[in-house]
Amino acid sequence: MQEFISAFFGDYSVINGYVPLFIFLLVALGFAGGTLIAALIIRPHKPYPEKLAPYECGMPPLMEAHERFSIRFYLLGILFLLFDVEAMFLFPWAVKYDALGLFGFIEMMLFIAILLVGYFYAWRKGALEWA
Amino acid sequence: MAWFAIVLIKILVAFGALLLLAAYMSWMERRVFALVQVRYGPNRVGPAGLLQPIADGIKLMFKETVVPSQADKFVFFIAPALTLIPALAAFAVVPFGDTVTLFGQKIDLVVADVNVGILYIFALSGIGVYGVVLGAWASNSKYPLLGGLRASAQLISYELSLGMSLLGVVMISGSLSLKDIVAGQADYPYIFLQPLGFILFVICMFAETNRTPFDLPEAESELTGGFHTEYSSMNFAVYFLAEYCNMLTLSAVAATFFLGGWRGPLLPPVLWFLIKIIAFMFFFMWLRASSPRLRYDQLMAFGWKVLLPLSILNVVVTAVFIYLLDS
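Residue numbers (our numbering), protein chains in the order written: chain A, 1 to 131; chain B, 132 to 458.
Hints in this document: simulated from the structure, not taken from any laboratory. Because the structure is a prediction, the values reported are computed rather than measured. We treat Cβ as the ideally placed atom computed from N, Cα and C, and that holds for glycine. The reader is advised that the hints may include incorrect statements.
As the list claims (entries may be wrong) - A short list of chain B residues far from chain A (calculated; beta carbon distances all over 12 angstroms):
1. 159
2. 163
3. 175
4. 186
5. 232
6. 233
7. 234
8. 405
9. 409
Claimed, not checked - Covered stretches of chain B, as calculated for chain A (at least 3 residues, CB under 8 angstroms):
10. 139 to 153
11. 206 to 213
Sequences are here, hints too, so could you generate the full structure?
Shown next as structure tokens:
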């Protein structure tokens, strides 16, 4: 197996550690897919229009559900993207924090300070309000 | 070849144990609920109701699946799997025991010890959001859509603090690999160095798994089940299983990062690890049985205005302390 992998990836032996992850992912895929497909095969299937109507507490459904929804969700998505990218910058810094010393400390404090300015701007503008 | 066989055996054992544990957590939840509410709970199927999860599984397997006529049928069908696969796969990087020697082979009790372990878990928990949102959207029904929108907003809001609350531990241990993080807690668990990080992580963990007091995406009394309102039979069971697997994985991460993972006196490591996970699960159930639900604006305000600044503060304070102690 080792030779087989190195034939493909050369001396990128670091990839070896990910092979079990990949197999685990495949097993999970097989289990989830297998369960759903097995259930699809063995279950009964007796539909009629009322049964297939969208659930609305017994009322006949009024209109399509694919309507427009609140703009706040988009705003939240954009904010999330900014802060999540920031968190991703923090992880490599945190791993090597000991080696970086004072330089790394000041650099990251500046980075966080700039980010906090943006955060408080968003707060003041009401991007975090839901009322 | 021996290497491959060991990997395969480890995968099957971890996978089977995770699924079995997830199934039995549904039994435990109902028993704990019954205890809190002074009734019996499931106690008829097998001794103390222990065969109940199996009976439920068989029943759900043979139930009809109602697919709403206006639904996007393909997305409706695959969405539960999109939630379950990441929930299961995230467990692969969690070490569940010490290195053992079997038949002259040294075996690490972890499926894959990768050096970006925690990033892998975050990546997969991020993908898990898709299953919820796509399932809700594909149902083409109003309650699931509302539940799905709430779920996505809540999951991404709390994921920020979830990630940042672990940064302190990463700074102390200097590694993203979960095995190294457990190795770093030989003397004392990191909860003593990162009490605020631990509290933040546990709060975000509840929000990430849609559990009370943050269970707005599936609030029964207002959304009739939220994103899985239109789901029935095995498709519903897959969502259900995914929720329990998420809870188990995040409990395992919390135990690994803050409580020393599989470390503990007297008892064997694997047992200690199980005890810690089940203690977290009991806490999940206890809180669900005893606490009310937040209002949605409170939930969002709490995530963005309290947890996020606190988690950034935790990073800064940890950085200052480590720098002062080093110099």
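Structure-based check of all given hints:
| no. | hint | verdict |
| --- | --- | --- |
| 1 | 159 | holds (22 angstroms) |
| 2 | 163 | holds (26 angstroms) |
| 3 | 175 | holds (25 angstroms) |
| 4 | 186 | holds (16 angstroms) |
| 5 | 232 | holds (19 angstroms) |
| 6 | 233 | holds (17 angstroms) |
| 7 | 234 | holds (18 angstroms) |
| 8 | 405 | holds (20 angstroms) |
| 9 | 409 | holds (22 angstroms) |
| 10 | 139 to 153 | holds (count 7) |
| 11 | 206 to 213 | holds (count 4) |
The structure is consistent with each of the numbered hints, conforming to all of them.
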